[in-house]
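**Q** These protein sequences, in sequence, are chains D and R. In this text, residue positions in the first sequence follow numbering that gives the first Met the number 0: the first is 0, and each later residue adds one. In this text, residue positions in the second sequence follow numbering that gives the first Met the number 0: the first is 0, and each later residue adds one.
It is worth saying that the hints were derived from the structure and are not from the lab. All values reported here derive from a predicted model rather than from experimental measurement. Take these hints with a grain of salt, some might be off.
Given that identical chains are not distinguished, each listed pair holds provided it fits within a single copy or across any two copies.
[Claimed, not checked] Result set (BS3-like, lysine-lysine): computed pairs, CA atoms no more than 25 Å apart in a straight line: (1) 126 to 95; (2) 192 to 59; (3) 192 to 109; (4) 23 to 204; (5) 94 to 126; (6) 182 to 213; (7) 182 to 192; (8) 173 to 95; (9) 14 to 208; (10) 139 to 185; (11) 213 to 11; (12) 185 to 267; (13) 213 to 192; (14) 126 to 182; (15) 139 to 242; (16) 185 to 213; (17) 267 to 237; (18) 173 to 94.
Number of protein chains: 2
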Amino acid sequence: MTSEKIVENIYKEIKEKITSYNGKYKLSVILIGNNPSSEIYVNIKRKKAVELGIEFDLHKYNDDEINQEQLLQLIDDLNNDTSVNGILTQFPLNKKFDEFLVSSRISPSKDVDQVNPYNVGINLWGKGNKASCTAAGIIKLLEFYNIDLVGKNVLVIGDSMIVGKPLSSLLINKNATVTIANKYTKDLKNYTKNADVLISATGVKHLIKADDIKEGSVLVDVGVTKENGKIYGDIDYKSTIGKATYVTPPTNSVGPLTVAFLMLNIIK
Amino acid sequence: MTSEKIVENIYKEIKEKITSYNGKYKLSVILIGNNPSSEIYVNIKRKKAVELGIEFDLHKYNDDEINQEQLLQLIDDLNNDTSVNGILTQFPLNKKFDEFLVSSRISPSKDVDQVNPYNVGINLWGKGNKASCTAAGIIKLLEFYNIDLVGKNVLVIGDSMIVGKPLSSLLINKNATVTIANKYTKDLKNYTKNADVLISATGVKHLIKADDIKEGSVLVDVGVTKENGKIYGDIDYKSTIGKATYVTPPTNSVGPLTVAFLMLNIIK
């Protein structure tokens, strides 16, 4: 289950909108600290934005260069800057920052990651024309492959505000029967073996193997683990691909969708 | 599993707060149409508010006496009225009204039912000092009976914005493994038989019988069905009480908690 065609269509839509827009789009990204994964993700977003002609405005700080109050002030400034269309704070932040307060401060209309509580609530209501990027990407992927969700047993592993929770909101509103598991879940296998659709976002290498899944199920991998320069997913692709109907590969599937939906949220 | 003691404590807290408050609390309730259940619920709320010395300000209309625009204007007026502490629109509304727009219009600070998307999102973030009344009541009930939720298989049947969804948000943030089922769920029994805690909010009389549940589980009944003047719950109390560890009776358990948390949300 790959996303090339979907991503291609989204960028076609974005390019048309950008061409017909009488101005310039700008994405402001706040990156604090030196988490290597965060730096990689921000670079991917920068590259794609620049490629599309979206101005990329990076605010980069070391953890000791900025405090919570200054961060909130920076967000206020970006909220008030009419040239900025989208604001994104790359998570996770250092523990000295409150991610909830930071998310709450981003103006709902510029909140491209959909972390402001107002947007979180709209998504649980099943309304609005934007959704959290990875969650929206996964729903699009399942729809593209004609995977019916109504009444299906759908398991989401991972309960973060960036993936698991907003994804559960969208799935509930697609009338799936949704289970949201986390690191406290007892006997995870009891859930994975019954799931028609399993979506894993934990960062635990090969958490899900052939023995753990239901025959004919659909597996979506959001986890990324790096080991000796190689990338592994939460799902053991090689062992599961023969038993499941669809499995996303550890790279080039959900990741590019997340970036594409981010770009879409900027111009919406 | 009954709520008398918890409810008593909540009212003690409310009375103390009201006594020490140098003013008057006011709850404005909007009731449209003639749904008999809605009228009963509003009456229960009125009675309790009056008993506590909270002014009860009822805005009652027939379905043809008010349109969407006028309803939103009424909410705006109540938002702007500094004498009003809490605003509640009794759901369900006639299909001609948009419950999402109505909920979105209620000022988050006066939204005692916690249906405004901003409050819905705060609850999914696991923040804030208020929560949806029934959901908050159920969490309190489980805590009162020392029922540990961490890692437990918790099933919520019913996905409404008034019970199922906000309850799932609270349970996820208690680190339970939460499944939210609805009328589209296939093979509901597969879920009910594995649930350590089962909460049903469907209004389907005796949907859950002894044969459907796990030995030693905890059952919470939110459903209400009236038949020939008798009230039935979603859970067959008599048949399940021997097999489950705890079962809430069809009356005098969750209902009074909902009302108590509503009153608490007014004075908070």
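**Q** Now tell me if each hint is right for this structure.
**A** Each hint, compared with the structure:
For the homomeric pair residue 126 and residue 95, the shortest alpha-carbon distance between copies (17 Å) is at most 25 Å, but the shortest distance inside one copy (33 Å) is not. For a Cα distance limit of 25 Å, the shortest separation of residue 192 from residue 59 qualifies neither inside one copy, at 44 Å, nor across copies, at 51 Å. For the homomeric pair residue 192 and residue 109, neither the shortest alpha-carbon distance inside one copy (40 Å) nor that between copies (45 Å) is at most 25 Å. For the identical chains of this complex, residue 23 and residue 204 are neighbours neither inside a copy (41 Å) nor across copies (58 Å), given an alpha-carbon limit of 25 Å.
For a Cα distance limit of 25 Å, the shortest separation of residue 94 from residue 126 across copies, 17 Å, qualifies, whereas the shortest one inside one copy, 32 Å, does not. Taking CA atoms no more than 25 Å apart as the test, residue 182 paired with residue 213 passes in both settings, with 21 Å inside one copy and 23 Å between copies. For the identical chains of this complex, residue 182 and residue 192 are neighbours both inside a copy (17 Å) and across copies (23 Å), given an alpha-carbon limit of 25 Å. In this assembly of identical chains, residue 173 and residue 95 lie within 25 Å of each other by CA distance solely across copies; the values are 23 Å between and 37 Å within a copy.
In this assembly of identical chains, residue 14 and residue 208 lie within 25 Å of each other by CA distance neither inside one copy nor across copies; the values are 40 Å within and 57 Å between. In this assembly of identical chains, the alpha carbons of residue 139 and residue 185 lie at most 25 Å apart only when taken from different copies (23 Å versus 30 Å within one copy). Taking identical chains as interchangeable, the C-alpha atoms of residue 213 and residue 11 are never at most 25 Å apart, the minima being 36 Å within one chain and 52 Å between chains. In this homomeric assembly, residue 185 and residue 267 never come within 25 Å of each other (Cα to Cα): the closest approach is 41 Å inside a single copy and 36 Å across copies.
In this assembly of identical chains, the alpha carbons of residue 213 and residue 192 lie at most 25 Å apart whether taken from the same copy (5 Å) or from different copies (19 Å). Taking identical chains as interchangeable, the C-alpha atoms of residue 126 and residue 182 lie at most 25 Å apart only when they sit on different chains, with a minimum of 20 Å there against 30 Å within one chain. Only within a single protomer do residue 139 and residue 242 lie at most 25 Å apart by alpha-carbon distance; the minimum there is 23 Å, versus 43 Å between protomers. When the C-alpha separation of residue 185 and residue 213 is checked against a cutoff of 25 Å, the pair qualifies both within a copy, at 18 Å, and between copies, at 16 Å.
In this homomeric assembly, residue 267 and residue 237 never come within 25 Å of each other (Cα to Cα): the closest approach is 38 Å inside a single copy and 55 Å across copies. When the C-alpha separation of residue 173 and residue 94 is checked against a cutoff of 25 Å, the pair qualifies only between copies, where the shortest distance is 20 Å, while the shortest distance within a copy is 35 Å.
Of the numbered hints given earlier, the model fails hints 2, 3, 4, 9, 11, 12 and 17; all others are met.
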